[in-house]
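Q: Heads up: the protein sequence lines correspond to chains G and Y, in order. With the numbering used here, letter number 191 in the first sequence gets 195, and the count goes up by one each step, no holes. With the numbering used here, letter number 241 in the second sequence gets 242, and the count goes up by one each step, no holes.
Because the hints were derived from the structure by calculation, they are not lab data. Please read these numbers as outputs of a predicted model, since none were measured by experiment. Quick reminder that beta carbons are idealized off the backbone N, C-alpha and C, glycines included. Hints are all accurate, no fakes.
Straight line, CA to CA, 25 Å or less: simulated BS3-like cross-link-like pairs of lysine-lysine:
id: 1; chain 1: G; residue 1: Lys17; chain 2: Y; residue 2: Lys155
id: 2; chain 1: G; residue 1: Lys184; chain 2: G; residue 2: Lys30
id: 3; chain 1: G; residue 1: Lys105; chain 2: Y; residue 2: Lys155
id: 4; chain 1: Y; residue 1: Lys136; chain 2: G; residue 2: Lys184
id: 5; chain 1: Y; residue 1: Lys225; chain 2: Y; residue 2: Lys206
id: 6; chain 1: G; residue 1: Lys17; chain 2: G; residue 2: Lys284
id: 7; chain 1: Y; residue 1: Lys136; chain 2: G; residue 2: Lys39
id: 8; chain 1: G; residue 1: Lys105; chain 2: G; residue 2: Lys184
id: 9; chain 1: Y; residue 1: Lys115; chain 2: G; residue 2: Lys17
id: 10; chain 1: G; residue 1: Lys184; chain 2: G; residue 2: Lys284
id: 11; chain 1: G; residue 1: Lys17; chain 2: G; residue 2: Lys30
id: 12; chain 1: G; residue 1: Lys284; chain 2: Y; residue 2: Lys72
Label pairs and their computed distance ranges (CB to CB):
id: 13; chain 1: G; residue 1: Ile142; chain 2: Y; residue 2: Arg124; range: 47 to 53 Å
id: 14; chain 1: Y; residue 1: Ser139; chain 2: G; residue 2: Ile163; range: 43 to 49 Å
id: 15; chain 1: G; residue 1: Thr185; chain 2: Y; residue 2: Pro30; range: 38 to 44 Å
id: 16; chain 1: Y; residue 1: Lys18; chain 2: G; residue 2: Ala191; range: 27 to 33 Å
id: 17; chain 1: G; residue 1: Gln218; chain 2: Y; residue 2: Ser139; range: 58 to 64 Å
id: 18; chain 1: G; residue 1: Ile142; chain 2: Y; residue 2: Arg15; range: 54 to 60 Å
id: 19; chain 1: Y; residue 1: Arg124; chain 2: G; residue 2: Ile163; range: 45 to 51 Å
id: 20; chain 1: G; residue 1: Ile196; chain 2: Y; residue 2: Ser57; range: 30 to 36 Å
id: 21; chain 1: G; residue 1: Tyr59; chain 2: Y; residue 2: Pro110; range: 55 to 61 Å
id: 22; chain 1: Y; residue 1: Gly24; chain 2: G; residue 2: Ala191; range: 37 to 43 Å
Covered by chain Y, according to a simulated footprint, are these stretches of chain G (three or more residues, beta-carbon under 8 Å):
id: 23; region: 30 to 42
id: 24; region: 106 to 118
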Amino acid sequence: MSAVTETFSQPGKLGATVSDWWVITKRNLVTYLRKPDLLVFSTIQPVMFVLLFVYVFGGTFELILPASVPYVDFLMPGIFVQTAIFASTQTGVGLADDLQKGLIDRFRSLPMARSAVLAGRTAADTVSVAVQTILMLIVAFLVGYRLHEGGWEAMLAFIGIVAVGYAFTWVSAFAGLSLKTIEAVQAALFTIVFPFVFVSTAFVPLATFPSWLQGFAEWNPVSIWVDTIRKLTLGDLYSPATHPLFENVKPLGELMWLSVGWFLFFLVVFSFLGVRFYRKT
Amino acid sequence: MSEPAIVVEGLVKRFGKVEALRGVDLQVPPSTVFGLLGPNGAGKTTAVRILTTLLSPDQGRAIVAGFDVVKQAEQLRHVIGLAGQNAAIDENLTGLENLEMVGRLYHVPAAEAKRRGEEILERFELSDAAHRTAKTYSGGMRRRLDLGASLVGKPQVLFLDEPTTGLDPRSRLEMWDIIRELVMEGTSLLLTTQYLEEADRLADKISVIDVGRVIAEGTSDELKARVGGEVLALRVAERDRAAEAAGTVLGLGPGGGNVDNNTGEINVPVGADGTAILTEAVRRLDAEGIKLADVALRRPTLDDVFLALTGHAAEAAEVDQASEDGGKKGKRERKREKV
Chain G
5 MSAVTETFSQ
15 PGKLGATVSD
25 WWVITKRNLV
35 TYLRKPDLLV
45 FSTIQPVMFV
55 LLFVYVFGGT
65 FELILPASVP
75 YVDFLMPGIF
85 VQTAIFASTQ
95 TGVGLADDLQ
105 KGLIDRFRSL
115 PMARSAVLAG
125 RTAADTVSVA
135 VQTILMLIVA
145 FLVGYRLHEG
155 GWEAMLAFIG
165 IVAVGYAFTW
175 VSAFAGLSLK
185 TIEAVQAALF
195 TIVFPFVFVS
205 TAFVPLATFP
215 SWLQGFAEWN
225 PVSIWVDTIR
235 KLTLGDLYSP
245 ATHPLFENVK
255 PLGELMWLSV
265 GWFLFFLVVF
275 SFLGVRFYRK
285 T
Chain Y
2 MSEPAIVVEG
12 LVKRFGKVEA
22 LRGVDLQVPP
32 STVFGLLGPN
42 GAGKTTAVRI
52 LTTLLSPDQG
62 RAIVAGFDVV
72 KQAEQLRHVI
82 GLAGQNAAID
92 ENLTGLENLE
102 MVGRLYHVPA
112 AEAKRRGEEI
122 LERFELSDAA
132 HRTAKTYSGG
142 MRRRLDLGAS
152 LVGKPQVLFL
162 DEPTTGLDPR
172 SRLEMWDIIR
182 ELVMEGTSLL
192 LTTQYLEEAD
202 RLADKISVID
212 VGRVIAEGTS
222 DELKARVGGE
232 VLALRVAERD
242 RAAEAAGTVL
252 GLGPGGGNVD
262 NNTGEINVPV
272 GADGTAILTE
282 AVRRLDAEGI
292 KLADVALRRP
302 TLDDVFLALT
312 GHAAEAAEVD
322 QASEDGGKKG
332 KRERKREKV
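In isolation and in its complexed conformation, chain G is listed as follows:
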C-alpha cells in the first residue's frame, strides 16, 4: 500500500454525512438480524407484562372501569409506550459496548461525520422499536385488544409510539456515552425510567393516585404520551363524560401539543448532550 493517497471525487459535505449515517445504521441493523434472540427476548418481557396485567390484575380493574372500556383496551397504550421506552435502553448498552471494545475510538479517528455514530445507532434502534411494537400489537390482538377508532388514528398512534422510542434512544445514547459500562447504563436507565413509567397513567387512571402524586402523574411525559395514544385508540370512551375516573383526561388537541412538546424536549436536549459527549469522550 503506497503512501500516495488516491483521490476520489469526494462527496459533498451533506452527501458524506448522509452516507455516514446510512453506513452506521446499516451496521446496526445487520447486528439485529444476526442476533434475532435479542429481539425475541426483549419482546418476551413486555408480553409477560401484558399477561400479568390482563389476567392477574385485570379482574380487579374490570370492577372499577366502565363496562364499555375493557381493561386490555385501556392497558395496551401504556404497555406500548413502556415497551418503546425500555427497548431504547439497547442504544446506551450498544454504545457502551462499542466504547469498551475500542470501536468508538476507531470511528472518532475516521474522517466521518461526528453525528453519524449516534444518528445511525438511534435510527437502527428505532427500527427495532417499531418491530417490537408490531409484535406487541399481534400479542394484544390475541388477548382481545380492539381499536375503537379508525385506521388513521391507529397509524398516528403507531407513529407516536415509535417517536417516543426515538426520543428515548437519545436519552439512552447520552447515558451510554457518559456512564461507559453496560452494567451502569442498564442500572441507571432502569432506575430513572421506573418512576416515570409507573407513576403515570400507563396502567391506572389518574384519579386513582393519591392527591400529592397527581401533579407529577398528570404532567409526566409518559402520562401525556400514553393518554394521547389512548385517545387515538379509545376516542370518546376515554373522556370525562364516560366515567368519573376519567375526569382529568385532557382533550385530544391539547394532548397532541403536549406530546410533541415533550418529544422535542427530549430529542433536542439529549441529542445535543449526546453529540457533545461523543466529541469529547
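Using the hints, position chain Y against chain G.
A: Here is chain Y on its own, set in the frame of chain G:
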C-alpha cells in the same frame, strides 16, 4: 515528501492532577518506523490518542502529515490510520463487512471499498474467513483484521498502539512480518510497545518514554551503545546467594548493573574489558564458594538500556490500563532493582 511525518513539540496532557505527558518532543522522518517504547502508564497511549485527534493536548503542538492535530483535525483524519490496543472490530459483521464499513467511512466508493477489503484479507491470510462473522475469529485473526481496517484508507501515517500485546508468540511473529512489509512499501509508522525486542526488530528510531517524558532517543544501536560495550551476564546456581554474589561482582565494571533475586541473574556492564572482568569475577566467586549456573559476555539488549535509563525493567511494569485512560497512576512492580 521530505517533511517529517510527525513533529511533536512540548506536548503536555493532564488528567486531573496527574500529568500523563510532561513536555514530549518527537520527530518522525517520513517512510520510517518510529518506536515509542515504555512501560504501561508511561504515556504512550495518551500520545497516540493526541496524534490521532482523539484527545486534545493541554499544551504544546503536534503536526502529523503536515496537519495540526487540533486545528486541522478534520483534514488529518483523511490521511491517518489507527489500530488501538483492542481489536476495534464489530464482532457481528464478517471480516469483509468490517473492512467495507471502514472504507465507506473514509468515503471510498462502495466498489472500491470492497476491492480494498478483499485485497487486505488476501494479504493478511484472512480470505478463507472473509464471510464469517468476526466473533468466530481467533485473537491473532482479530488483530490482523483490526490492522487491516487501519489500512483501508491507505493512510500516509499509521499508528499502531501495542500491536502485539496479548498475542501468542506465533501470532506475534506473523504480526511482525506484516508490519515489516508495510514499512517496505513506504508507509510512515508510529508504533508503541512495551517489548524491547519488538522495538529492536521493527523500529528505525526509538524514543524511550517513562512517566510522561522522553528519556532517550536514537536508533536501537545508539541506545545500546549508551550502556557501553558488553555486558557480563551471570546466573548463580543458588538463588539465595544472588545478592551476595552481586556485591562481589558489581564493583568490577565501570558502573551500573543489576541483580534479579528471583532468577539469580546478575548483569554487569563491562565496557571494553569484558574478558578480564569475566576472569576476575569467576575467580572471586569461586573463592567465596558461589557456584555459577551460567556465565556469558553478551552485547547489551534494549532491556539493559531501559534498565540503565529508568532504574527499572520495562516488562516488569504492571499497571491497570485505567491509569492512562482514567488518569490514575498505577503502581509499578519493580522486579529488578538497579544497584
